[in-house]
Amino acid sequence: MRVSSNTSFELSLAALNRQQAAQVKNLEQISSGKRILTPAENPSSYVQALKVSQADAANTQYAANRQSAATSLSALEGTLGNVTQVIQNAQELAVYAGNGTLSDSGRAAIAIQLRGNLDELMSLANRTDANGQYLFSGFQGSTKPFADMGSGVQYFGDDGQRLVQASDSRQLAVNESGREVFERIPAAGGGYQSLFKTLSDMIDVLEAPVATPADKTALANGLNSAQTNLSNSLDSVLRVRSGVGNRMNEVETLNNTGDDLGLQYKQQLSSLQDVDYAKAISDLTQQQTYLQATQQAFLKTQGLSLFDFIK
Amino acid sequence: MGNSIFGIGLSALAAAQQGLLVAGHNVANAATPGYTRQTIVQSTNPAQATGTGFYGQGVRVDTVSRAYNQFLSNQLTQAKTESSQLDTYYAQMQQINNLLADPNGNLGLSPALQSLFNGAQDVATNPSDLSSRQSMLSSGEVLVRRFQSLDSRLNEIQDDVNAQIKNSVSLINTYAAQIGKLNETIAKSENAARGQPANDLRDQRDELVNQLNQEIRANVVVQNDGSYNIFIGDGQSLVVGTQVFQLAAVASPDDASRLEVAHVSGGNTAAIKESSLDGGRLGGMLQFRSESLDAVRNGLGRLAIGLAGTFNQQHQLGQDMQGNLGGDFFTVPSPAVAPSIKNTGNATIAADITGFNSLTASDYSLRYDGANYTLTRLDDGTAQTFATFPQTMDGVSLTLASGTMAAGDQFLIQPTRNGAGQIKVAIQDPSLIAAAAPIRTGAPLANTGTGLISTGVVNLPAPPDPNLRQPVTLTFTGTNTFDVSGTGTGNPAGVSFTPGGSISYNGWTVQITGQPKPGDTFTIEPNTNGVGDNRNALLLGALPGQNILAGGTANYQNAFGQIISQMGSKTRELEVTSAAQTNLVSQTQAYQQSESGVNLDEEAANLLRYQQAYQAASKVIQTANLMFDTLLSLGR
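Each protein sequence line maps, in turn, to chains R and G. Residue numbering for the first sequence follows the working numbering, starting at 1 and increasing by one per position. Residue numbering for the second sequence follows the working numbering, starting at 1001 and increasing by one per position.
These are computed hints drawn from the structure, not numbers from a lab. If you're wondering where the values come from, they're calculated on a predicted model, not measured in any experiment. Virtual Cβ for every residue (Gly too), placed ideally from N, Cα, C. Among the clues, some could well be false.
[As the list claims (entries may be wrong)] Among the chain G residues that face chain R by a calculated CB cut under 8 Å, a handful are:
{"id": "1", "residue": "I1005"}
{"id": "2", "residue": "S1128"}
{"id": "3", "residue": "A1436"}
{"id": "4", "residue": "G1532"}
{"id": "5", "residue": "N1599"}
[Unchecked claim] List of simulated lysine-lysine pairs, BS3-like, C-alpha gap at most 30 Å:
{"id": "6", "chain 1": "R", "residue 1": "K51", "chain 2": "R", "residue 2": "K34"}
{"id": "7", "chain 1": "G", "residue 1": "K1166", "chain 2": "R", "residue 2": "K51"}
{"id": "8", "chain 1": "R", "residue 1": "K51", "chain 2": "R", "residue 2": "K25"}
{"id": "9", "chain 1": "G", "residue 1": "K1517", "chain 2": "R", "residue 2": "K197"}
{"id": "10", "chain 1": "G", "residue 1": "K1273", "chain 2": "G", "residue 2": "K1342"}
{"id": "11", "chain 1": "R", "residue 1": "K25", "chain 2": "R", "residue 2": "K279"}
{"id": "12", "chain 1": "R", "residue 1": "K51", "chain 2": "R", "residue 2": "K279"}
{"id": "13", "chain 1": "R", "residue 1": "K311", "chain 2": "G", "residue 2": "K1619"}
{"id": "14", "chain 1": "G", "residue 1": "K1342", "chain 2": "G", "residue 2": "K1166"}
Throw the hints in and build the complete structure from the sequences for me.
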């Protein structure tokens, strides 16, 4: 076949261009560390990488959520621990007050201690978190949950429980309603009685002077039911506390699986889009060889001309 | 006898000289675009008959012919017009491909989308914290700006397409004018030369046809007199003999922001059907615009509208920090409706998006024939015919807003075209984020059974029931029945109870588990002061996991992924096909050039050949001269 001089020139030039373009592409990959730079290079891998990186971002967010949940739960745990101590303290005082040798003034002294316990309990029940939100008011974070209205302590919160998205599929409660912790406590005489009422009833019993046998019976009965109610309160608080502890453990477990998942996502992402340096660099060397060969071939073929021999 | 040796020598000398001229011309034009190698066609002069036989009278050059092969030449032109179209389309697609690319995963739409929902989860974690709320609003702003900047970049690309259409049209007009002129010049020159072909002029004309095809596919019909008639599109004539027609780039009657190509004939301008204009840069631009640019704009618009709409719906079911029901978080972009400038009626059409789930990325046309309306989905031609408004198709509801329609009136409806450009964050005050649910439930301590009431959810879709926040009490009258009291419930009595079954009134749903006893009550009440509630923020944060777009088949990320994959695949496809077409062009060109192109070595050989012929012819003349001299010297 005849070959026009233009054709041979253009073909060589096109080959040079192709080689150079391949080289630039390779350099881009090496300098960015990414195998896929735009969607067109591998649409399905690109979209897959996008999905994995979003899942990774969501996983990171869940970790942040868990961090916050852990903070809330440990504040809750600590407060419930204090409440437990107050109840145990009151239980000891109830046992001590049952000692028949105590005088009226001795019982009054115990009542004073109990008042201190009651005040402490009020302040625990109205404790706030770092954001100034009440721990035990349900959904009404800025409403003080417990207040003494003269006729006894009343609850102004609600039954709401705040959940935190701890993983893709798990929501964990990070607060407890005050009603659940302090009020929904089975009473000695049936129904429910709040811990506040148990303590203030006990104070009333201890402050009453004991003179007659009837007074003695009333004291004994009062202390009896106080002990039952305190023990019920302790059960109730411990039950809530163990639920909180379980959730704290769950946060721990979820942290571990979340970390594993994060690692998996990063590996997946890397296999989807990262450049294989060994391969990229060997490709580059290969391309340089091709380019050199093409350049030399170009010079050789273009240097050949019959005109060189016409003298 | 001597005379005719001179004659033969002279004829040979002339032929060799002409051969040298042509070879020189070939060398000179070796790199001239469109140049076809020329050769002289020699033949013997008529011989002189004598008693001793026929004596040749030397040589003559009949014509200078060009090595032109119309078949190969056509093939090359066709391959090139195709290649030019693919290259143009590919170059444009690369812009979109690069626009959507986000190799480090922190600048694109996708991370911004994720960041909004991370923001919603942060608000869920700290519902009363204003700084978390502020950062969710900022994430919303960032997301909206990503949409807007993508849209404005796509607008720039559309403007660029318009500019290139104008440019192409003006080039086509120039080429057409030059071809018309050459038709005339060639005819005149060839007449004057008694029918000898005007090779160089013909090359120029063929090259112009070639360049014209770089802009648009043009069909050449060669006339008996050798002139070219040229047609484009559906057969619109561009050149007929020496008569030249013009194309014009005019604003589309439906959408003034788009230029269309029209044919100008006798003062009339008629739009050429876009689908019939293929090949060349113009074909590539038009195909890019209708196939991909519109698709990516509508796709992004659909995502923006779907996101804004579904997010708003959930947001409206919540309660903000001030205790009010949630409003719009995003401003949902509205559909674009454009009456054709040819309309004779004064009707205006209003379009509203009613189904975010059923939106498509297509545009629609509405046409009135005097009795019925036809609404056509433009991407697949599905049509609905109806006589009265309102009419809903694919989640878009159309109403006649004002005026009256005249027969033949037409509207272009683009539900998603403005989506990415017009999405906005509707609130600035972080306390207006509806993180809480508007209701809460409760059970008094006096209850004696083991019944537990769930926290309650607000039923979709928005807007919520007007009685949503009315206090309602459920009072158990037996172990399996309860009475309901509260505004909006109708106060039904003796409702049968199943533990764990859903109980729905006033737009909320609760479940009661366990076994309540007669006399137990449960309350559903407004979530007054519920600033610590995060139930709606949790639901907002969970939206990305739900397939709430594209007829329930895609979540937000998937919908965006589909756009990326669609555009990426198209770019990839064009990369491959345009490279293949470039190969085809270069093969065809090698073929065509092997016949018509100049080979310098060959011309060097020709130069030597004609030089030798010239020298030999000189020798013949010298010989004749010597013979003559010999004769003359006889007389001395």
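Has the given pair, R:K51 with R:K34, been kept, meaning a C-alpha gap of at most 30 Å? Status holds; Cα separation ~17 Å.
A closest beta-carbon separation below 8 Å is what the hint needs, so does G:S1128 meet it against chain R? The hint holds - G:S1128 has a Cβ within 8 Å of chain R, the shortest such distance being about 5 Å.
Would you check the hint for G:K1342 and G:K1166, treating anything up to 30 Å between C-alpha atoms as holding? Holds, at roughly 23 Å.
Take the shortest C-beta to C-beta distance between G:I1005 and chain R; is it under 8 Å? With a minimum Cβ separation of about 30 Å from chain R (threshold 8 Å), the hint on G:I1005 is violated.
Restraint status (C-alpha distance of R:K311 to G:K1619 at most 30 Å): Given that 30 Å is the threshold and the Cα spacing comes to 22 Å, the pair holds.
Quickly compare the C-alpha distance for G:K1166 and R:K51 to 30 Å and report which way the hint goes. Not satisfied, since the Cα-Cα distance of roughly 41 Å exceeds 30 Å.
Is the interface hint for G:A1436 satisfied, with its Cβ closer than 8 Å to some Cβ of chain R? 7 Å, holds
CA of G:K1517 to CA of R:K197, is that 30 Å or under? Judged against 30 Å, a Cα distance of about 25 Å means the pair holds.
Hinted pair, alpha-carbon criterion (30 Å max): R:K51, R:K25. Please report holds or violated. With Cα atoms ~25 Å apart, R:K51 and R:K25 stay inside 30 Å; holds.
Double-check G:N1599 for me: the hint is only fine if its C-beta lies closer than 8 Å to a C-beta in chain R. 5 Å, holds
Regarding the pair R:K25 and R:K279, is the alpha-carbon distance no greater than 30 Å? 14 Å, holds
Restraint check for R:K51 with R:K279, where alpha carbons must lie at most 30 Å apart: Answer holds: R:K51 to R:K279 is near 26 Å, not above 30 Å.
Hint compliance for this structure: hints 1 and 7 are broken, all remaining hints hold.
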